[in-house]
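Residue numbers (the working numbering), protein chains in the order written: chain A, 1 to 457; chain B, 458 to 1316.
Watch out, some of these pointers could steer you wrong.
[What the hints assert, rightly or not] When the alpha-carbon atoms are kept at most 20 Å apart in a straight line, the in silico SDA-like pairs for lysine to any residue are as follows: (1) Lys1143/B with Ile256/A; (2) Lys213/A with Asp1196/B; (3) Lys348/A with Arg110/A; (4) Lys222/A with Thr1247/B; (5) Lys1143/B with Tyr242/A.
[Said to hold, decoys possible] To give a feel for the contact side, a few chain B residues facing chain A, derived at Cβ under 7 Å: (6) Ser745; (7) Ser840; (8) Thr912; (9) Lys1143; (10) Arg1211; (11) Thr1225; (12) Asp1232; (13) Thr1235; (14) Thr1237; (15) Gly1246; (16) Tyr1293; (17) Lys1296; (18) Thr1309; (19) Glu1311.
Hints listed in this document are in silico derivations from the structure and should not be mistaken for laboratory results.
Quick caveat: nothing in here was measured; it's all calculated off a predicted structure.
Positions of the beta carbon are idealized from the N, C-alpha and C atoms, including for glycine.
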Amino acid sequence: MKIKLSRREMLEALGGGMGLFGLAGAFSGWSGGEVHAAGLGNYTGPSLPAKAKHVIMIYLNGGPSQIDMFDPKPALFKYAGQRPSAVDLRTERVTAGLMPSPFEFKRYGRNGVEISELLPQLATVVDEMCIIRSMYTFNPTHTPARALLHTGSVLATRPSTGSWVTYGLGTENQNLPAFVALASPGGPMTRSGFLPSEYQGVNFPVNDPDPEKIIPNITNKKIDAAAQRVDMDALLALNQSYTKSFGADQFLEGRIKSMETAYRMQFEALELFDIRKEPQNIRDEYGPTPFGTGCLLARRLVEAGVRFVNVDYPGGQIWDDHRDVADNLRKRCPDMDQAAAALIRDLKRRGLLDETLVVWGGEFGRTPVSESGSGRDHNPYGYTMFVAGGGFKGGISYGATDEFGFKAEQNRVSIHDLHATLLHQLGMDHTKLTYRYAGRDFRLTDVFGEVVTDILA
Amino acid sequence: LENGNPIYQLQRDASGVNNLGTGELMSQRHSIAAIVGAAVALSIGSPLSAQTTDVEFFEARIRPVLVQRCYSCHNSKMAAPKGELILDTKDGLLKGGTHGPVLAPGNPGESRLLKVLSYTDPLVQMPPSGKLADAVIQDFTQWIAKGAVDPRASAPANASASPQYKGMSLEDGRKWWSLQPVAAHAAPKVAPAQGRPVNKVDTFILTKLAEKKLQLSPQADKRTLVTRAYVGLLGFKPTYEEVQSFLNDSSPSAYENLIDRLLKSPHYGERWGRHWMDVARYADDNPSSEATNPPYPFAWRYRDWIIESLNIDMPYDRFVKLQLAADLMPDAKREDMRALGYVGAAPIYHHDLRLSGDVIGTFLTDDWDERIDAVSRGVLGLSVACARCHDHKFDPVTTKDYYALMGVFASTVRVERPMFPVDPDAEQEYMWLQRKLFDLAYSINLLGNEGTTFTNGAEKAVKWKAEMEGLKARATTNLAKYPQLIQSLDKYWNPPRRAAAPPPAAAGARGVKPAAPAAVAQPPRPGAPSTDPYMNGVFEAAQYVDASDPTYTWITYKPGEVRNMPVLRAGNVAAPGEIVPRGFPAVLAKGADTAFKNGSGRLELAERLFTDTAALAARVMVNRVWGWHFGKGLVATASDFGTQGDKPTHPELLDDLAARFIEHGWSLKWLNKEIMMSAAYRQSSKPRAEGLQADEANVLLWRQNSRRLDAEAYRDTLTRSAGLLDLKMGGLPGDIDEDDYYRRAIYGRVSRARRAQMLGLFDFPEATQSAPGRDITTSTLQQIYLMNGTFIQNLAEAAAKSAAAATGEAEQIGMLYRRILARDPTAAEMKNALTYLQKGTLQRFAQILLSTHEEIFLP
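In isolation and in its complexed conformation, chain B is listed as follows (with noise of 0.2 Å):
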């Protein structure tokens, strides 16, 4: 039973805290040597005699602390020992490690080891659980100065070499099929008795349906086509009105035209970005939020950034280069350094610095980890992930190739970058206070926390206050042109402090509003939503953690210093291997040269991405516009197009969408309209017997798919058809619970934490990951929350009030027909609606009307 998390162990021992997880040797397959053993008494610094030998020195000196602080990691008995280096033998000691000897006998200043011991290296610093006693580190320095005398046996046990998990070879992994160029395919010719195909995409649909004697189903009718409009490109559904004009427009470019004017509707913007925000698992706040993870103050800035670049049609490629790297793109402007958020606003975990340097560190690689995984699996459709513990099972994705992408986030540091001109200097030095300054003051501020007890707590005290003074002195010189800077630093000098919060609402009881405003104005909760002019972003500095005092563990960030990271056995912040530069996955690289050369190597990712790998790219967000458009993608699994993702139905039509999709300069709009114009888009979606015998999960697409809305589409059409929907574009999120928020779904907070209610009820994704699309669940709660809520009773109540303006139950009844489902009711619905009203009311019968399939349902 003796198994241990291997990411998560926590490796204090003398020096430090306790063990967990004893077990030498876990779980094979994730094989991690702990350090054995808890608490070792070191008897350091007793004298020894003159007459002591060089070997005596050894056994009284060096052997013990080798034993007890050194064995457990790197033993000739371990399959793989850390960092390859072996110090139970001579031949070990003398041999070195994956960065070469760690000892030169007889020179300490050249010994690596004593480096490592001192902790002056800042990437490996052993024993990682906590620095040497400085005695014992003098008693080092003299054993190397006297020459390492090593009186150990020379042969080396049999120590074979770590059994590591090899993936598919780079050869191999090449000719995968996601990874091969796209080109424009020659439409396959298509007989006339295969049906008419309306563009290009139709040819290959065409093409395969014919393979199983499918057809197309004929065009839908008028009123679905415009619906699929709207909700495709807008996100909710047409007004009476809206279908009225379409039906009543004969022209042979009436479809083509409501394509183009919807395209060019503010409202586009709203409903793609939310496509894109499931990518970007977009939030408001963390999965935790505690002090060192607060909410994201202006995600928002970020999400209204994201709605503006799909509006004016930003190339898909550029829209993502901005994401990662805005602030390193000299074309960039300011108000494009919203887009970091994607990086600034990612998930992270609360970071108690109490914690010692291993767990601080790994909570680092895990911060890290998370924005490998959205870029890879949101931009490429590729889980690296796997190798940050080995080299990938299945894909051909190597632990350093992982590494060297680390190295990119860990040069990256998460900030509140202004949004008014700043000059870089300046810009830079602000950047590095506040983030120093908020550890400082989150650490202060711990000092101060009932229940909490520091070792030397009154000591630090001092110190860190005049640390804190220290910076507000640098802050007023080095800031002294931008006060508005220094002001916004004031929180950190002087916390406000906040009356006793109100009791919590109770769980469950989310929409419900505090019975009265408190009558004190309250300074905002951190990371509550702001209009300061800030944006959450980040900036180029190398982070480290600084484990010297071992009862307090500290981050630090060196602005402009970039940071390659170790390759950490299975994961392990304790076991750094070989250092690997930061670079592109040899994989998928065009040429040898994988390196990043510039700063922390954002912008090159962004650009290789777009130039390395385009191919793929593309790929990936032609199949996501599909699936947005159809249901489900050419390739079922959206984000992944690994070798345990699913192959694409139609791989020409992939391959061809992708190449034009580059052609048209990365265009969304282009490949919706593309998408939108052909005869598979447009087909019925209705149910035929032949193509459920031949084909019932519709691969061949001789359907279009029907759907439940989603989430968000399903309120704003409600809220829509209330005649109540909002359409005030961006700014600050409300709180989508609350039954009068009437505005856009986009525009409610997104919680990591806690999801809205209503949202959740209607499968809204968790963002706490990139999200590759959306389950679609029918669930008794959902009826519930129709049934009885108060949302949909006030939106019942609006909609019959405005109907009720009419004269008789007629009128009233066909205008709650035109205003919630967009149509006149036929004569035989006129008559049942009449009889209910004998017993009901019209406000019930609006419920009824937006609680029915038709609201929910796009066929």
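So that you can see chain A by itself, here it is in the shape it has in the complex (with noise of 0.2 Å):
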């Protein structure tokens, strides 16, 4: 059955509230309503109020230490060496005993939440920040985990969040995609799965600030503006022809004014991508490197109305410290502490914190006993990770884990409470937000998750 109203018109007609949906235009596509009709099936569109418009989540790839970070833990010096019997401290690998942090934790902002020394920056922004530090999820394995992270699943075949949420939402400008990724390997991170293919993140790297380098084909290399508009008008004049000679076609018509955005997306998104135009000192303040490049043009994605963004820290699995940990740290945080803080610091100044979720972590944590000496192995069974802005409550660290930094204990979070609160912050019902597909309505959430209501502004 066709729905004479596009997905578009629809979803305006049913979620109320967030005003802009723009599913039926450039970038996110031009399908009709049928596909989405069918696929569609009882979700009517987000009926929450809605606290934010924008996610940007931050992944460290490989797992991150928590306790180096974020997750102080003073009985590690007590116990340095020792693997105390009451915890169970076991972990797929051979770990030897406790491995104290090097790192001072000291007490930041209004309610003195500790951070590590590693995160002096991160450190200024804290009362925007939402530190849970009773995280837990469900597989000890890299790729598992990083699918259960990105898309609330180990199997291959689910779509990401970032696609769920724009799938949820529409997107804001249509000259853009709705769901960027920025240096990411793609997979679990940018997968649309069972839905439509135009919820698919697109992916752009960006080890080089050049937009040229990082969107392909955004130039012509062989002839100008000028002479391009000459070219497009030629093409505009067949296809109208072709289309009038045809008769009315949805496919037909989209796909000129698609063409014509085309040409103008060009210019908007060579100059959007460039992060050179913005003024040194806000460069400075993110810092010349890839991270910083993709934190910076992140925000300018956001301010510009793209929906969803992943910013990898580039250069894959690298937070994976099975070895000499604290070494790397040092070596890996500040690049990371100076522009993500300048991400939070610099989307509060433009007034953009308040409607956009900025989110940090990898797929699990690290223990607190030490491997091979001078690293760490992978946990999920307790871990950190931060939430800043989109009405999340800030200065706040919430839960904790045991008294060694293994395990969560207090006010767990597991990783489908994460996504069910991050969809609720942006107007959404986790258990509403569904996909029909092979006879079953699908949520990112699968059968579970629940609100954590007590992190919430």
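The task is to assemble the complex, starting from two chains supplied on their own in separate frames and drawing on the hints.
So, in structure tokens, the structure goes:
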């Protein structure tokens, strides 16, 4: 059955509140109502009052060590080198005794939240951060755990959070992709799975700030803009005459619009993706690194109406510190800390933080016990993530791991709970954001997840 | 917030690692009791005095173990104690569970409890997280021998049976429309005023249209017809000459002759092969392609087999049977075993063998679940996979049915099989050795990895290496007749060393060739496409998880044996229930006997698909073929013919075509022709006011559906328009994102990890699961690709170069029109083009023509 309303119209009619749904144009695709109406199933658009409109997900691939960054455990000094029998500290690899963090923790912000010396910049914006110290997930291996973080399932088929969010809310800027991934290896981070392919994340590298290196084919290397206009007009004439001879057709008309948008988009995107257009002091604030580029670009994209941005700390699975964790963090934290803090500060200054959820974390954390003398093993049992903005409480730490920082104990927050809470802040009930596929209404949170209301402002 | 993810929960406790997601009862819908409490120190082996009474013995040695290691899954307060076994009451322990009694007081040898505790039962090993200490097992033996004295309360608490989702009853299920037999229907009588049917197909369409006072649209013009036929059967648009030859053929059989000729073209198999590859979720690699799930080097041979089989119009039933069970079919030739790529190159997960037995067990069931899903949705249009966790809520498929199917795939192991003849015993030995050596080589490599540590690593290394050497001797003896096979195993004993890899190309920079070829010849990456004489297939062997070493999990392969799976409560491998013999789902079976008797049962499964469920299989395929010709099927949900799917718009037509498809020996070429000869297919796709008004969605087919070309047809048509299409068939896959890849799109490497950029842009489906159809989107990125992409610029350059040979701009423009749009320009178009050339170039004009609606659109 074809539904006469386009999906956008439908969402507008049903959604309420959010106003700007734009699924029908540009990057977000032009698929007519049918495909979506079929899959839409019981989904009727966002139903809750939304606090946030955008998400920036900062992903530290490999599993950053919460013990050294966010979760101070004095008991580790007392029991250094030992394996107290009260807690089973076993993980998949052989580990030795408890290894205290060599990094000093101090209290910051109005509530005196403890943060390690590795993160002096984030410490300055702690009042914007809701630090969840009681995260847990369900798999100790990178690939499935990564899939859990990004899709809520270990299966290699499920759509990513960004796809769900853009499916649920549409886009604000029809000239831009609604879901962008920066420096992402793809896979679960950008996968649309069974959702229509228009909800797939569009991936851009950021190792070079030159937008021509970031967006393939964004510039025509052969002719200038004026000549391109001439060509575009000639093409337009041919397409219009073809459309006229065929008769009214959604695809043909949509494609003409899409071409016109694409022509404009080239210049707009070239401008938008060019962080070199930022004042020097802003660029300095983020730092001259690929991750700095990613974070700054994320801010520019969100400002321009992109719904969901994944920013990876570039370099692959490098937070996987099975050895030399302290030395590695000393090297890796400064630019991460600087850019992540700059992003929060900058969003705040521009009044964007309230409507933007900044999520920070890895697929799991690391053990308090040592591995190979100087490293730490994977730890999905208890680890830290933080969320800034988007109506989350700031300046707090929530939940707690056990005495040694191994297992989440108080106010445990599963990865499904986090997903449910993020969707809640975006105005969507996670049990109602569904897509009908293979005879079933699928959800980001499957049959799990509870909104963690304690951490919402 | 104590939700757990049942299937992926890690459940290691005292002897193993930690629990994840404690919470005794999780979401009620998928409730599974996790083993509560992480570390519990058991006091074992402390000497008890001789005076210890039996009761004291129980209290000191038995009860604590039961409490700490068993109660959490087997207690009377649970809605669904695992295996229906209750261990916190005396009666429960005496009564036993789904497999019957577990305790024979006084007789340890007869007590299944002991067998299960000592991990000698291959199916049920308790506690699932790791074997109890020998001393504890000894205590149990002693306790049972002395009469199993149990002072606990007798009366069990009120343990109600688990509330299960009950789907439709079997009886109601068997009445479901898609499961009914098919029979040819008499053609409905069509009054002349309703329109003129060309063949039987039309009579059904016209009858439905008449109900809404609609008629078919007039036949499309001949140019449109020949274009449709080329795209429909070969997957690219016709050239100018091909169009002309059809336009100039005024014989009454011109159209039929065209269809017949195209059906005989070898490129037919490429087009229809690609359709099937969507359903078969064909790919050359795996979603993550890690150490234990590297890419498939010989998947391309499966792709070539598909193409060849469709070209010879292999009957569809045989086509599917070979893909499931060629190795078991006596009349299958060795080259037909390439078909086994359907199972042997299916998506699989990485199995990090350092993970617990439960996690590895879960990964294996994920793999087998994928096979069930691919077959059930792909061939039968039924989603069976819901029954993994509970009886299907809507369709009459039970968990028993599901695990009966899972046993088939638990008894089927993926392997590389030789293309050359090998006697069966030697081949079996080779395949087992290959699997075993693969796992050992992987494990030994892990030991050498920096950052990886093992419990007793040094000891393990010695043991595993010795095992490898032992297998070498075994291979040398047992495969003596086949040095080539021994040679192919050498990579496990002597892993090729690769020089440090060059830095990976930046994401998004695909299609950029490395600056210079590597100076030193590198051994191929594991899984790199290969022309070695092997194929990715499967063989018959039962797979088990061996978790007897709590620090390292092995997968065992038992050739020639089968494995019946237990029903896994809520899909949890740690909660096995009743064991179900391999068999066909009851609701689908004809007759009461559902059991598979031979080997894994793959061949019986394949056969029953085309006997017991022949009607459904035929309906599903007829509907797919219809959808590939009309843009959508008679049933809109092509892979869901169950209660959650759509009903057919033209049930009699679907039935009739399905019945005649079977009658015509499951001939896809017959079916294609029958559909394409119809007036319904041949009608114009242009909008008509009365049609739009009465039936805007064109459910009744008052016009053909116009479409954008799919990714492959578009790329092939563009390349052909530029005169660059290389029609060489078959062989190793290439990188379609390379600008100078000019072969047909079907020969591009299909990656489950990373879709080719161009194909993804135009809605190529993800190959991780069977795709029921294609989305058709229009996006700005597509247009940017056409405006600025080097691929399209190269095509334009080639087209312009050949047109430049003509004298005069008008002639050059004419040539470009003929080459790209397969027609001459109109006078007005010529005039506009000449005006354009005052500012632009011939090459740019070629690019404009390549980017037109006319090129990408199929009216």
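Tested hints:
1. Lys1143/B with Ile256/A: holds, 18 Å
2. Lys213/A with Asp1196/B: Holds - the C-alpha atoms of Asp1196/B and Lys213/A are around 17 Å apart, at most 20 Å.
3. Lys348/A with Arg110/A: holds, 17 Å
4. Lys222/A with Thr1247/B: holds, 10 Å
5. Lys1143/B with Tyr242/A: Within the cut-off at roughly 12 Å; holds.
6. Ser745: OK, holds: Ser745/B within 7 Å of chain A, min 5 Å.
7. Ser840: holds, 4 Å
8. Thr912: holds, 5 Å
9. Lys1143: This hint holds: Lys1143/B lies near chain A, its Cβ roughly 5 Å from the closest one there, short of 7 Å.
10. Arg1211: For Arg1211/B, the interface hint holds, since the closest Cβ of chain A sits about 6 Å away, which is under 7 Å.
11. Thr1225: Since the shortest Cβ distance to chain A is 5 Å, the answer is holds.
12. Asp1232: Where the cut-off is 7 Å and the nearest Cβ of chain A is about 5 Å from Asp1232/B, the hint holds.
13. Thr1235: Nearest chain A Cβ about 4 Å off; hint holds.
14. Thr1237: holds, 4 Å
15. Gly1246: Constraint on Gly1246/B satisfied, holds at 5 Å.
16. Tyr1293: Holds, about 5 Å.
17. Lys1296: holds, 5 Å
18. Thr1309: The hint holds - Thr1309/B has a Cβ within 7 Å of chain A, the shortest such distance being about 5 Å.
19. Glu1311: holds, 5 Å
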